[in-house]
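Asker: Chain residues, written in single-letter form:
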Amino acid sequence: MTEKLPRSVVEPKNPRLNVSRGANLPHVPGIRVGDYIFLSGMGPIDPRTGERNHGPIAEQIRTTLSNMRHMLESADSSLERVVRVHVVLADISDMAEMDRVYREFFPVDPPARTAWSMQLRFGNGCEIECVALAN
Amino acid sequence: MSPRREIIVPAVHAPDTASSFGQAVSTVVRGGDFLFVRGLTAIDPQSGERVRGTTASETRQILTHLKQLLEAAGSSLEKVVKVNVWLHSMLEAPNMNEVYARFFSDPPPARTVCGARLPDGVKVIIECTALA
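Here the protein sequences come in this chain order: A and B.
When we follow this note's numbering, the leftmost residue of the first sequence carries the number 1, and every step to the right adds one.
When we follow this note's numbering, the leftmost residue of the second sequence carries the number 1, and every step to the right adds one.
Treat the hints as calculated values from the structure; they're not laboratory data.
Computed from a predicted model, the values in this text were never measured in an experiment.
Every residue, glycine too, gets a C-beta built ideally from N, C-alpha and C.
Treat the hints with caution; some may be incorrect.
As the list claims (entries may be wrong) - From chain B, some residues computed to sit far from chain A (all C-beta separations above 12 Å): (1) Ala11; (2) Ile43; (3) Pro45; (4) Ser47; (5) Thr54; (6) Ser57; (7) Thr64; (8) Lys67; (9) Glu71; (10) Leu77; (11) Glu92; (12) Asn97; (13) Phe103; (14) Ser105; (15) Asp106; (16) Pro107.
To be verified - Which bits of chain B does chain A cover? Going by a derived footprint, with three or more residues having C-beta under 8 Å, they are: (17) 26–33; (18) 125–132.
Go ahead and model the full structure; you've got the sequences and the hints to work with.
Answerer: What follows is the structure in structure tokens.
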């Protein structure tokens, strides 16, 4: 394995979802390296406005996972190609509700997942990151 | 050719309120050359029921289970490249480490440990990425 694996930036087709670039943060939305796509943690951003969506947690999860789907599809991958997910919640008591919405996005053969709770920035109720296979 | 994605060990179907025990989470997923293991919590290997214990005993249960899962998938603890450990309290890190060290031969994998709020009163969650 002496040859260098190609490494490229994953960016959403919808520029409103390019949060890190928009806020001048020192990270990219995702990196593709070889067959793998590593996405940064994503929060609940309204794809129409680029603003944070702080509605009920179910809505925040749905928004975040919809955006994750968009991000993966922008990189020619898909939710079906996700192998590992981290779900971080601001409030541990949102776990069941998170899981209820999460199932809508991964109805069969879901990825490995770990979920926990800790402090999140900007009043976000969730942050979700994943590793996916490229197509 | 696109890399293979395969569910090696599917979701655990035990009735439990813990999200990690629901059907929306696979336990071991192969993606290309790696195995991705979900965050494991302490369960009785026979009954599949949750086990409540100390940080040390939960760590032991989890790593015993992890070893079995990896070996059943044709991998092993020696092939683990990265581990993430979540503890209900970072004060418990030495108790976790003492047990953890017995499972991994030298050199052990890369690892991150952090304290967080964990679902359903579990004290430890351990997840890993291993070579298939």
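Asker: The output says B/Ile43 does not contact chain A. Does that hold with a beta carbon cutoff of 12 Å?
Answerer: Holds, because the least Cβ-Cβ distance between B/Ile43 and chain A comes to about 15 Å, which exceeds 12 Å.
Asker: If we take the beta carbon of B/Thr54, is the closest beta carbon in chain A still more than 12 Å away?
Answerer: holds, 19 Å
Asker: Hey, is B/Glu71 genuinely clear of chain A, shortest beta carbon separation above 12 Å?
Answerer: holds, 17 Å
Asker: Decide, holds or violated, for the assertion that all CB atoms of chain A are farther than 12 Å from the CB of B/Lys67.
Answerer: holds, 17 Å
Asker: Just want to verify: B/Ser105 was marked as not at the interface with chain A; is every Cβ pair farther apart than 12 Å?
Answerer: holds, 23 Å
Asker: Minimum C-beta separation from B/Phe103 to chain A exceeding 12 Å: can you confirm that?
Answerer: holds, 19 Å
Asker: Would you say the region 125–132 of chain B counts as covered by chain A, given the rule of at least 3 residues with C-beta under 8 Å?
Answerer: holds (count 3)
Asker: May I ask you to check that B/Thr64 keeps its beta-carbon over 12 Å from the closest beta-carbon of chain A?
Answerer: With a cut-off of 12 Å, B/Thr64 remains clear of chain A, as the shortest Cβ separation is near 19 Å.
Asker: Could you check that no beta carbon of chain A comes within 12 Å of the beta carbon of B/Ser47?
Answerer: Holds, because the least Cβ-Cβ distance between B/Ser47 and chain A comes to about 22 Å, which exceeds 12 Å.
Asker: Is it the case that B/Ala11 keeps its Cβ farther than 12 Å from each residue Cβ in chain A?
Answerer: violated, 7 Å
Asker: Are all C-beta atoms of chain A more than 12 Å from that of B/Leu77?
Answerer: holds, 17 Å
Asker: Would the least Cβ to Cβ distance between B/Glu92 and chain A come out above 12 Å?
Answerer: holds, 15 Å
When held up to the earlier numbered hints, the structure conflicts with hint 1 and nothing else.
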